[in-house]
Amino acid sequence: MNYEIIVVGGGHAGCEAALAAARKNHKTLLVTGNIQNIADMPCNPSIGGPAKGIIVREIDALGGEMGKNADKATLQIKLLNTKKGPAVQALRAQADKVIYPQEMLKTLQNTKNLTILESMVEHLIVEDEKVKGVILEDETKITSQAVILTTGTYLKGMILVGDQKKSGGPHGEKPSKYLSEDLEKLGFHLLRLKTGTPQRIDKNTIDYSKTTIEQGDKEPHTFSFERIKYYDVNNQIDCHLIYTTEETHRIIKENLEKSSMYGGHVEGVGPRYCPSIEDKVVRFADKERHQLFLEPESKEESGEYSNTIYLQGFSTSMPYDIQEKMVHSLPGLEKAKILKYAYAIEYDAIDAKDLKQSLETKIIENLYTAGQINGTSGYEEAAGQGLIAGINASLKLENKDPLILKRNEAYIGVLIDDLITKGIKDPYRMLTSRAEYRLLLRNDNADIRLRKYGHQVGLVSEEDYQKYTKKLENIESLYKLLQKNKITPTKEVNDYLEIIPTAQLKDGITLYDLLKRPEINMHIIEHFIEIPYDYEVKEQVEINIRYEGYIKKALHEAEKMLALENKKIPKDIDYDKIPNLASEAREKLNNIKPTSLGQASRISGVNPADISILIVYLRKWENNV
Amino acid sequence: MNDTIAAISTALGVGAISIVRMSGKDSLEIVSKIFKGTNLKKVQSHTLHYGYIKDQEEIIDEVLISVMLAPKTYTTEDIVEINCHGGINTTNKILELLLLNGARLAEPGEFTKRAFLNGRIDLAQSEAVMDLIESKSNTERKLAIKNVEGRISKRIKEFRNSLKELISHIEVNIDYPEYYDIEIITINKIKDIVQKQIEELKSLIKESNEQEIVKAGIKTIIVGRPNVGKSSILNSLLEFDKAIVTDVAGTTRDIVEGNIYLEGIPLNIIDTAGIHQTNDIVEKLGVEKSLSLIKEADLVLVVLNSSEKLTKEDLEILEKTKDKTSIVILNKNDLQEEIEKEQLTARNIISTNTTSSKGTIALKEKIKEMFNLDKITTKDYTYLTNTRQLSLAKKALYSLEQALKATKEEAPIDLVEIDIKNAFDYLGEIIGIDYRDEVIDNLFKNFCVGK
Chain V
384 MNYEIIVVGG
394 GHAGCEAALA
404 AARKNHKTLL
414 VTGNIQNIAD
424 MPCNPSIGGP
434 AKGIIVREID
444 ALGGEMGKNA
454 DKATLQIKLL
464 NTKKGPAVQA
474 LRAQADKVIY
484 PQEMLKTLQN
494 TKNLTILESM
504 VEHLIVEDEK
514 VKGVILEDET
524 KITSQAVILT
534 TGTYLKGMIL
544 VGDQKKSGGP
554 HGEKPSKYLS
564 EDLEKLGFHL
574 LRLKTGTPQR
584 IDKNTIDYSK
594 TTIEQGDKEP
604 HTFSFERIKY
614 YDVNNQIDCH
624 LIYTTEETHR
634 IIKENLEKSS
644 MYGGHVEGVG
654 PRYCPSIEDK
664 VVRFADKERH
674 QLFLEPESKE
684 ESGEYSNTIY
694 LQGFSTSMPY
704 DIQEKMVHSL
714 PGLEKAKILK
724 YAYAIEYDAI
734 DAKDLKQSLE
744 TKIIENLYTA
754 GQINGTSGYE
764 EAAGQGLIAG
774 INASLKLENK
784 DPLILKRNEA
794 YIGVLIDDLI
804 TKGIKDPYRM
814 LTSRAEYRLL
824 LRNDNADIRL
834 RKYGHQVGLV
844 SEEDYQKYTK
854 KLENIESLYK
864 LLQKNKITPT
874 KEVNDYLEII
884 PTAQLKDGIT
894 LYDLLKRPEI
904 NMHIIEHFIE
914 IPYDYEVKEQ
924 VEINIRYEGY
934 IKKALHEAEK
944 MLALENKKIP
954 KDIDYDKIPN
964 LASEAREKLN
974 NIKPTSLGQA
984 SRISGVNPAD
994 ISILIVYLRK
1004 WENNV
Chain H
145 MNDTIAAIST
155 ALGVGAISIV
165 RMSGKDSLEI
175 VSKIFKGTNL
185 KKVQSHTLHY
195 GYIKDQEEII
205 DEVLISVMLA
215 PKTYTTEDIV
225 EINCHGGINT
235 TNKILELLLL
245 NGARLAEPGE
255 FTKRAFLNGR
265 IDLAQSEAVM
275 DLIESKSNTE
285 RKLAIKNVEG
295 RISKRIKEFR
305 NSLKELISHI
315 EVNIDYPEYY
325 DIEIITINKI
335 KDIVQKQIEE
345 LKSLIKESNE
355 QEIVKAGIKT
365 IIVGRPNVGK
375 SSILNSLLEF
385 DKAIVTDVAG
395 TTRDIVEGNI
405 YLEGIPLNII
415 DTAGIHQTND
425 IVEKLGVEKS
435 LSLIKEADLV
445 LVVLNSSEKL
455 TKEDLEILEK
465 TKDKTSIVIL
475 NKNDLQEEIE
485 KEQLTARNII
495 STNTTSSKGT
505 IALKEKIKEM
515 FNLDKITTKD
525 YTYLTNTRQL
535 SLAKKALYSL
545 EQALKATKEE
555 APIDLVEIDI
565 KNAFDYLGEI
575 IGIDYRDEVI
585 DNLFKNFCVG
595 K
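Protein sequence lines correspond, in order, to chains V and H. The opening position of the first sequence corresponds to residue 384 in this note's numbering, with each subsequent residue numbered one higher. The opening position of the second sequence corresponds to residue 145 in this note's numbering, with each subsequent residue numbered one higher.
FYI, nobody ran anything at the bench for these hints, they're computed from the structure. For glycine and all other residues, C-beta sits at the position ideal for the given N, C-alpha and C. Please note that the accuracy of each hint is not assured.
Going by beta-carbon spacing under 10 Å, a handful of chain V positions derived as facing chain H [stated by the list, open to error]:
1. Gly432
2. His506
3. Ile508
4. Arg655
5. Arg666
6. Phe667
7. Phe676
8. Leu822
9. Arg832
10. Tyr836
11. Gln839
12. Asn857
13. Ser966
14. Ile996
15. Tyr1000
Far from chain V by the CB rule (all over 12 Å, computed), these chain H residues [as the list claims (entries may be wrong)]:
16. Ser176
17. Lys198
18. Ile311
19. Ile314
20. Ile557
21. Asn566
Calculated cross-link-like contacts (lysine-lysine; reagent style BS3-like; alpha-carbon spacing at most 25 Å) [said to hold, decoys possible]:
22. H:Lys257 / V:Lys935
23. V:Lys936 / H:Lys539
24. H:Lys257 / H:Lys186
25. H:Lys549 / V:Lys899
26. V:Lys805 / H:Lys456
27. V:Lys854 / V:Lys808
28. H:Lys340 / V:Lys943
29. H:Lys589 / V:Lys935
30. V:Lys466 / H:Lys552
31. V:Lys899 / H:Lys340
32. H:Lys340 / H:Lys298
33. V:Lys935 / H:Lys552
34. H:Lys333 / V:Lys466
35. H:Lys552 / V:Lys899
36. H:Lys301 / V:Lys935
37. H:Lys340 / V:Lys467
38. V:Lys557 / V:Lys783
39. V:Lys466 / H:Lys298
40. H:Lys257 / V:Lys808
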C-alpha cells in the first residue's frame, strides 16, 4: 500500500490534518485504533472558551473543520466576556458528544482522496533521516512520502485510579507501546505528562432543585463564518452549578494518600490549570468551597453518552470507593449514580523543541507531529496544530514554503511559537495572556486575519474568498462614508446628543470622529446616516474606530517584533564562536537553534544583551560571506 | 573575552594604598613572573600574600597580593589584586610590568562588563558599579554602594509585584470568566491601585531627580552688571573650600570656573565674568549668552551693589531671573545702603561684603536650605541612579497615567490592562528582568481555577 500522506491518530488533530491533506488533493490515509472513537471528546463536553474559542474561529477562517462541526453539535452556546473589551470575547459551546464525532466521521468519509483504516501503528519506516511510511501492529508496511503523528495520549498511555495502574486509552483501548521507544531511538526527547478527567453521573439521579441553572445566550452564535445555525436558540440544553461542601473536603483530606497523585503513583507532570479536586483542596486550604458544573454530554436518547452528566471541576485520581463518598457529599448528588469514575492518564509527549515552526520535526524529514503528542492539552489546541501540520506536510510535497502564522496574526501562531521556542513543563493550554498582541487577535476578525492564507493554500473555496474580499471592500467603503460625512451643531443634533448623553457640538465633526467618543456606538451613528452594510462590516469598523488608539499601539509593537522576526539566523551559525555570549544563552541557543532574531529573543535565558551581541555578530558574519 | 586584563582600580595618588587588579585565566602566570615571595600558583583561593614586586632583579615595591580563584570572584575569572604603597609612579610601574608580561589594559568598566556577561551581576547592579567607578564625591559613592546591594532592585521588584498581582487578577477574570468565587476586579478598584502606584513612582522619580543633583552637581551661575563684585563673590565661595577646588572644563559652551562641595554635593559655578565688554556687538552676544545660561542653570546668584540705586540693567536682570531658583546677593553692605530694597521683597536676599566671611556662610546655608541638601545627604539611598533607569521609570509612570485615564473613561478592563502591562515591562527592564510567563505562573499560584 502506498499513500502520499499518512496521519496516525483520529482525534481532533488527526481529523484536521487528514482533511487538510486530502482536500489539498494528496492521497491520504488516516490510521485510527477504533473508527467509533474518531473525533471523540474524552474529556469535557464543550468547545471554545477564552482564547480557545478564537482558535476555533481561526481554524474556520483557514478552511479547517472544527468550527463547522461544532456548530452542528451545539447544545448551548455563549459569548463570554461581553462586559470586557472586544479582544477577549470568545465563544464557548456545550457540544453533543454523540453528534460531534458522528458528523466529523461523515465529513471524513465523504472527503475525496481520504481513506480511513482501523489499526495500530507501532513503528515508523525511516531511511536516511527521512520518514518513508509506517508499520502496523500486524507488521503490514504502508509507505508514504510524509507522516503526521497525532497520537494524543496513546504513547505508553497509562490509566490511573487510586493505586491501580493499567495501560490503555480513555475507552480501554490498547496504547501504542513501541512508537515512543522508536521516537526515542531516533533522537527525540520525550516528556511524561499527566492529565485527568472527572466522573460522569447518571442525569436521572440528580436532584436539580439544589442546583443553580446556567443557560445559553439568547442571541444566536456560530463558530463558523458560514453562519449556519443548527440549534434552536430558545431550546438550548441547560447546565447547572453546585459547590463542594465541608464534608467533601473532609473526605478528601482523610483519604489523601489513597489518591494516585498523593500516594506517589504518578510520574507525569500534570497541568497547572487543570488541578484535581484533591490538589485544589490541599493547595487552597483556606477556600471553603469549590464550584462544580454539571454539564450534559448529549441530548441523544441512546448510546454511551445519552444519560451522562460531566462533573466539571471534580477531576480526581482517588479509588472508586472514595469517589463514591465524595460524589455523594455534593448537594443534589446525594443519591447520584456514577456511570464512569474519574481517572488520571499518563502519557509520553515529545519535547516540541525538537520541532520546526512548520511542525515538521528537526530530526526526521517529512515527519510532522500535532496535538497532545506535542505537549498541549485541549481539543482546540490540537485541532489548530493538526490543521497546520496537514497544510505544511502537503506544501512540502508540493515543494512550497510552509505556512507559518506569526504571533501578531493568530493564536495558532502564538501556540506553535511558544511550544517550539519555550518548550513546556506541564501540558500547554492556550490563555489570552499568552498573546502579547491579543487586541489584534480577536474573535470578530479571525477571517480578516486569516482567510487570505486559507485561500492561498487552497482550503478556502473561491466562493468564500469572494465573500471575504467583498467584506473587506465594504469595510473600506464604510470608513470612507464615516470620514466624508459631517454633522454640524444644529439644535436638533445637540438635543439628540444630550439625551445619549455625550458632549454637545460646538463645531462640525465627522461621524468617524464622533464614533471615537467612548459613549458613542454604531447604533447611534445610524441615527445620522443610513449604513447599507451588514452587522459584520459595521462591527469591524466600530471596533477599529473606537479602539483606534490601542490598536495602533499594538500594531506598532507588532512591527517592532516583526523587524526582529525578519532578521533570519543562518542555519550553520556556530554559537560557540560568538565571543561574549553569556553561557546560559549560548547553551539555549545551541539547543533550540532559533530561525530568527525574534525567536531568539523569546527564549528564556537569552537576555537583551545577548541579542545585541548576536546582532553585531550577524552583521559581521553577513559582511564576510 | 579569553584574555587577561589589568588596571589600577583605585584613584591615582589619592589613598595611601593603591590596588592594581588583574582578571583572566593567565593572572597567576603573569603575576608570578614579577613577584618575589610565596609561589602564588600553589596557594589557596581567597588568600593574602606578602612579598615584593621586582623588575628583573630590581625591587619596585613591598606589596600584599590577594589571590581569588574562579569562579567565586567578581568577574567569575581568576583575579589577582596587588596592594602597593600608592604613589603614582610606583603604581604605574607595576601596571606596566603586568602589561609587559602578557596582560592587556582593561577598558573602562571592563571588569564589571565581564561580571555582567558571566552572569555574576544583573543589569541594575552593573550600572550601579559603573556609577561607583565614576563617582567623584563621598556622598555619591555612598549612594552607589547601597545600590550595588540591590536596594533599587528591591524597590523596583516591590513595584512590579503589586502590578503583577493586579495584572494576574485581571487575567484570571478574563481567562476564567465563569468562576463566580473569584472576585471580579472592578474598574474602580483598578483605579485605586493604579493611583497609588502612580503616587509612589512619582515620589521615586522626584527623589531620584534630587539624586541627580548629588551626581551632577548644582549648576550655578553668577550674574550682575560690571563692577558689582561678581568675582569677589566667586572668590569668597571658592576661598572657603580651596582644598578641593579644581579647574574642570565643562561642556563646550560653558566654562566651569570651579566647584565647591556643600555637604558633599558639588556646586558647579559657571563664570559669566567678562560678558560686558565695551564693544557693542560683543556686549549683545554676551547678553544673549548669559540669558541662555540663566535658562539652563539650577541656581542663579544675582549680584547687586547695595550702595547704589537699582539701574535699568539691574532691573532687567531681576526680571529675567524672577522665575528661576535664585538668590539676590546685596554686595558691599559695609558701605552706605542706597538700593531700593522694597523692590526685592519677593526674592531670597543675602547681604554680604568681601571683608567678612559671615555673608559667605549665610549664602551657603541658604543654598543648602533651598536644595534640601541636609535631607538628601542623610537619607537612606534608594534611587534610580542613571538616565537609562530614570527614563524607563518615567515611561512606566506615563503608562500608568494612561491607564488611569482609561479607568476614568471606563474603558474595558483588558484595555486598561495594556498600559499597566507596559508599565510592568518598563519596570522589569530597569532591573533586566524579561520573563514573560511570570504573570501566568502567578495566576495559577494565586487562583484556584481549572476543570
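- Task: Starting from the hint list further up, note which numbers the structure goes against and sort them upward.
- Result: 2, 3, 9, 10, 11, 12, 15, 18, 19, 20, 21, 22, 24, 26, 27, 28, 29, 31, 36, 38, 39, 40
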